Structures are given as C-alpha cells and as structure tokens.
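The listed protein sequences derive, respectively, from chains A and B.
Positions 1 to 157 (full-length UniProt numbering) are the ones given, in order, by the first sequence.
Positions 1 to 250 (full-length UniProt numbering) are the ones given, in order, by the second sequence.
In short, the hints are calculated from the structure, not lab data.
Please read all numbers here as calculations on a predicted model, not as lab measurements.
Not one of these hints is a red herring.
Straight-line distance between alpha carbons at most 30 Å, and here's what the computed DSSO-like set of lysine-lysine pairs gives: (1) B:Lys-111 / A:Lys-26; (2) A:Lys-144 / A:Lys-73; (3) B:Lys-91 / A:Lys-73.
Partial list, computed: chain A residues near chain B (C-beta under 10 Å): (4) Ile-8; (5) Ser-10; (6) Cys-16; (7) Asn-22; (8) Ala-27; (9) Tyr-43; (10) Ala-60; (11) Leu-89; (12) Thr-98; (13) Ile-102; (14) Val-103; (15) Val-117; (16) Ile-120; (17) Gly-122; (18) Met-126; (19) Leu-128.
C-beta: ideal position from N, C-alpha, C; glycine also.
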Amino acid sequence: MEYIIQMIFSFIATACFGVIFNAPVKAIPYCGIVGSIGWIIYYQLGINGVDEVKASFAGAFVVAILAMALARKFRMPMIIYSVSGIIPLVPGGVAYNTMRNIVELDYALGMQNGMRVFMISGAIAMGLVFAEVIMQILFRMLRKGKTSIQSFIKVKR
Amino acid sequence: MIEKPQQNELAIDCFLLAGRIMMESGAETYRVEDTMLRMARSQNMNDAQSYVTPTGIIFSLGKTQPTRISAISTRVTDLHRIALVNNVSRKLTSHIITLEEAYDELNTIQKTNYFLPVTLQVLAASFASISFLILFGGIWGDMPAAFIAGGVGQYVVMVMQKLSRVKFFSEFVATLGVGMVASLALYFGYGTQIDKIIIGSVMPLVPGLLITNAVRDLMAGHFTAGMAKGAEAFLTAFAIGAGIALVMAW
Numbered sequence: 001m002e003y004i005i006q007m008i009f010s011f012i013a014t015a016c017f018g019v020i021f022n023a024p025v026k027a028i029p030y031c032g033i034v035g036s037i038g039w040i041i042y043y044q045l046g047i048n049g050v051d052e053v054k055a056s057f058a059g060a061f062v063v064a065i066l067a068m069a070l071a072r073k074f075r076m077p078m079i080i081y082s083v084s085g086i087i088p089l090v091p092g093g094v095a096y097n098t099m100r101n102i103v104e105l106d107y108a109l110g111m112q113n114g115m116r117v118f119m120i121s122g123a124i125a126m127g128l129v130f131a132e133v134i135m136q137i138l139f140r141m142l143r144k145g146k147t148s149i150q151s152f153i154k155v156k157r
Numbered sequence: 001m002i003e004k005p006q007q008n009e010l011a012i013d014c015f016l017l018a019g020r021i022m023m024e025s026g027a028e029t030y031r032v033e034d035t036m037l038r039m040a041r042s043q044n045m046n047d048a049q050s051y052v053t054p055t056g057i058i059f060s061l062g063k064t065q066p067t068r069i070s071a072i073s074t075r076v077t078d079l080h081r082i083a084l085v086n087n088v089s090r091k092l093t094s095h096i097i098t099l100e101e102a103y104d105e106l107n108t109i110q111k112t113n114y115f116l117p118v119t120l121q122v123l124a125a126s127f128a129s130i131s132f133l134i135l136f137g138g139i140w141g142d143m144p145a146a147f148i149a150g151g152v153g154q155y156v157v158m159v160m161q162k163l164s165r166v167k168f169f170s171e172f173v174a175t176l177g178v179g180m181v182a183s184l185a186l187y188f189g190y191g192t193q194i195d196k197i198i199i200g201s202v203m204p205l206v207p208g209l210l211i212t213n214a215v216r217d218l219m220a221g222h223f224t225a226g227m228a229k230g231a232e233a234f235l236t237a238f239a240i241g242a243g244i245a246l247v248m249a250w
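Isolated chain B (complex conformation) (with noise of 0.2 Å):
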C-alpha cells in the first residue's frame, strides 16, 4: 500500500472528515469505525486503525504513516446528515466515486445546514407535547397549554444556543419558560394536572435517548463513549430538574 504521500494526506482528510460530520451529527461509536474502517479498506489500505471518543477522532493508516486526531466540539442530532455520509461512503466503497470526489461532496456536506425552518420545529415540538401528553394519560382540557408549553421550551433552546455555549444553561433556561407557562396556565385556570402538563412539554428536552444510547455503547464495550454520553446525559437531566424545581418553589 506505498502510495503518493499526498494521496495519503488526502484519504486521511476525507476518511476523518466523514468520521467527524457523523460523529457531531450523533451517529453511534461503533458505527463511525466501521464506517471509516470499510472507506479505508475499499482503497488498498488495510492497516487502518481507528479510535473514536464523543470528543475526538484519532486515526491511522498504519506503521510508516502519519497520525492524525480531529477535536470534536459540537454535538446534535442531525440525522439527515448521517444519512448522506453514509451514502457517500457506500458509492466510495462501491468504487462509482474516487477519493477526491468523495472528499468534495463531505465538504459540501459540511458546510451545508441541512436544518428545517425554525418555525416547523417549534411546531413540532408542540405537536409532540400534546400527544405525549396524552400518551402519559392527560386529559384534553390541557391540551393547549401543553401545546403552548411545548413549544415555548423548543424555542427557547434553540435562540440560547445560539446566544451562549453553554449547552446545559440554555436547557435551564428552556424548562424555566416550560415551568412558568404550565403555572400560568393553571393559575388562569385554563389547566389542571401541571405535573402531566410539564412531562409532556419537556419530553422534547429530555435525555432519554442519550441515556439509551449510553447503555448501548457500554454494551458494545466502549466505556469511554458510553461514560461521556452517560454523564452528558445525566447534566442535561440536572439542569431540567432544576429549572423546574425553581418554579415550583416559587
């Protein structure tokens, strides 16, 4: 496998490039080695190791090769994007596509928000509000202010993410507004249950799936992941319980 060195440079860019978009839009561990493992293997490059942390790529081409780590700041979930890395390492590792082109299409992957308008997500997440609110065995005169609640969290997240850095301060904040609007609402009398009512409003918050996904990468046996997204998990948790602690003592 002794190529061109800039050839080298180039697979290693694209491989940990593909790796990180997946990573940051939360793709499970296991399957971004997998994913860069196969790219690697389908150019002749078998030595390839890689080691994947929700903070940070390292990856290999193997002994006489270079090195390379890619830091990893920002975590969502986006699956749209994992569904197109996924087909460019599937066209890659077919061979209907080359190493550069693979590398200019993750580029534009990259750069691209791939976001729905704000204003369909905040809709959805008072849509999801009301029916879990129902799931969770609610009764429908508290449908509107579920739906308010719901919605009121989504969007609060969203502009105090943009706002500050701090991942946790803006879900306190989000589940602040959750808390004041479900009060409100029964102190108006437009509700009843407020514990049903901020259930479902914050189940749009809530980290249910990064506690699920925990358990599953300890089970897969990687304990550094499973251990980070555990304790993500449980800070996110914290800061919802506060923030609704604070209402209620008010």
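Pulled out of the complex, with its shape left as it was, chain A reads as follows (with noise of 0.2 Å):
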C-alpha cells in the first residue's frame, strides 16, 4: 500500500514539473514513469538502510538510462526526461533547511546541512554522467563488434 502511494505521488510530482518546465505535451506521461522507478528505487534503498548519497545516485543512474531509451525511441533531446525525473531525488528540502539555518544565524548546522547538499546534488550529477559514458562506451563497442558476444559469432564463421 505504502509502495502504491508513494508511486503515485510521485508520478504526479514529477509530471507536474513536466508542466512548469513545459515539456512537450506528449512527453509528459513518460517524465512521469521516469521520475516514479527512480524515486522508488531510492526510497526502497532508503527503507534498508542505505544512506542518501548512496541511494541518490542509484536513483540518478536509473534515471538516465531510462530517460536515454526514451530519448532514442522518441528522437527528442535526453534532457527532456532527465531534468523531469531528477526532481524528486533533487535535495530541494534539505536546500531550504540550510538557507533557513543560515538567515537564523545557526552556522554550525547550515554547514552540515550545505555539505549535505552538496554531496548529495554531486552523488546525482554523477549518477546522471557516468549512466551516459557507460552507455556510449558500450553502443561503441556494439558498433564496432566487440563485445564478447559479436566477436564470438564472427569467430564461428
């Protein structure tokens, strides 16, 4: 029950955001799917025990393969899905709280919180790149037939 609803929710959160950021109309549904298997992924890791750097950038790295598959089925730009189903991973929450730390002159946790930010917006940047470079490296290597199993087809002929 509690999986259903937070797939819900989320679904609905990252299509709204869709729509502020004005994603073409017939993309919006799947920016939603999107944003929903990373915001899962992420919440599973969280509920055994993973800590959120980690658990973010497992998020991010799903999120890009997805979104590229949908960037190659539809021929549109990868950005379209990928800033839409980032949302919910991005620490938009833990961003106000360091500001809010900061205008209250309470330093010391604005600090603790900023870093948090920081590691966390870092853990899904890279997340994000290194799904890209793994998956060029590889279309390269399929082009190129290289990988073990075209090369041991080419081996049986």
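Now that you have both chains on their own, put them together as the hints suggest.
Below is the structure:
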C-alpha cells in the first residue's frame, strides 16, 4: 500500500514539474514514469538502510538510463526526460533547511546541511554522467563489434 | 570552404540563433556547443569553433572568417523549445532542409511563446506541492494548506517576473507569500506541521535542479558555466531562505 501511494505521488509530482518546465505534451506521462521509478529505487534503498548519497546515485543512474532509452525511442533530447525525472531526488528540502539555518544565524547546522546538499547533488550529477558515459562506451563497442558475443559470432563464421 | 560571404553571414546567424534559443531555454552547455559544431560541419565548415557560457556565446567559422558573439540575458526552463531546435538541427545535418529554411524555422521558434496557460502551471505547482508533502512524510490533513501555498508561490513568481527584471526579488516575494499562507493556515487550525507544508510548497521554486546542473557542468570541464550556475543557485536559495525567515521571525 505504502509503495502504491509513493509511486502515485512521485508520478504526479514529476508530471507536474513537466508542465512547469514546459515539456512537450506527449512526453509528460513518460517523464512521470521515469521520475516515479527513480523515486521508488531511492525509497526502497532508504528503507533498507542505504544512506541518502548512495541512494541518490542509484536513483539518478536508473533515471539516466531510462531517459536515454526514451530519448532514442522518441527522437527527442535526453534532457527532457532526465530533468523532470531527477526532480523527486533533488535535495530541495535540505537546501531550504540550509538556507533557513543560515538566515537564522545557526551556522554550524547550516554548514552541515550545506555539505549534505553538496554531496547529494554531486551524487545525482555523477549518476547521470556515469550512466551516459557507460552507455556511450557500450554503444561504441557494439558498433565496432567488440563485445564478447559479437566477436564470438565472427570467430565462429 | 571558401564560399560567398553572404552564405557565411547567414550560417553564423543561423548557428548563433540555434545556440541562443537552446541556452535561453536551459540546455546543458556541452550540448549547445555540440549542436552548433555539428550544424557547422554539415555545411562543410570544418574549422568552426564555439565557446558557450550561460551569459554569452562566441562563435567563429575559422581563421579567415568573422567571429560573432551573442549575449544571453534571460534564462528559463522551456523544454519544448529545446526539443524543437534539436529537431531543426537534426533535419539540417541530414540535409532534409537547407540553411535558409532552417534559419526561418529558428526565427519562428524564437518568436513563438510555447508556454502552457498560467492557470495550468499554477495548478501543476499546487499538485506538485501536495505530492511532495506526502513524499517527505507529511500528513494528509495538511494537504489543503500545501495546495493553496504552492499555487500562491508559483502565481506570485510569474506575476512578479513580469513586473520586475530582478529574478531574486520575485522569488523572495513568492516565498514570503508561501510562508504567510502556511502560517495563516496554522493559525486558523487548518495545518499541523508548518515545516512540512513549507518544504512541499517551496519545492517548485527551490533551485535543486540548478545545483545539480552546476555540478554536472563542473564535471564536464565547463568551469565558467558551472561557477555561474552555482552562483545563481546560491542566490536563489538565499532569497527563498530569507523570505521564509522573515515570516518565521514575526
């Protein structure tokens, strides 16, 4: 039950951000699906005791792979799906807390929260970039026929 | 690649316009550079160089050719435009359309407003706010307060952005509105956890995406772009924090 609620609300949140960011209308439902899958992974890892930095990395990694698949399918730039998809993972609440601590002159707590924001957003960015790089290398190898399966077939012939 | 000068002028105009629309709509820096260079190469202009920052684009067609710059002052997130420009560049690089047709299409994209109606965007912000309230562990009873606060925040930002050019002032006023709605809801007994309500309703304004993009640009080696975006994100976060703190201090 809890999973269904989380899934529905992360879908709504991501799709609404698709509207605010003015994504093409036919892409908005897919943005919602990408975002809700990313959030469910983050949520499940969080329940199992993985810390938020690693969970964000894993979520962003999956979001990037899904975004790339959809981008290839619909021939649109990948940014449309990845920008809305990472919205639930983005540390908006912590960024807000950081700034509130700092304007309330609680610098120690503010610094602590600021480092959390930096680490989480760094992890998200790394997840996106790593997924992209790994997929690029993979595709290049596939094109040249350097994966083990293809070279095996060639040798057999 | 020595061609007629008019052809070169048109090409530079066309590539700069494409880069400019993409950058104004919030595309990544490396993608803008890549798109401009690809378009240039498809027209047999192999010496092209481009240098893209969030505040301006410098583009040159080579040693003997003119270099032009284009300043960028407004930056919003408009994914529809990015998709359209991408489409034009795809068609140009596969030689389906000519340079003149591409330039005409880009001009149309530049002039048209693709944003959805204001009511729809405000409603989207409201629904996003209640979703984040639930995702961050809030309770169901706080939903009406978050719904109104999120809508008010988005509406105020859009109105203020039309009135004043200073982006941070409009964000400050918007969070002031959000904070006031949240504390009024608490005062009249329509809400319980003010922190959760506020976090949910400022999510449409918070620069989380800008922070992530800044780190991404830094990792790709675009240090100027990363630093500029980081500064923008910091100022936005500061405006939001200040707006909320003012309400809290009351």
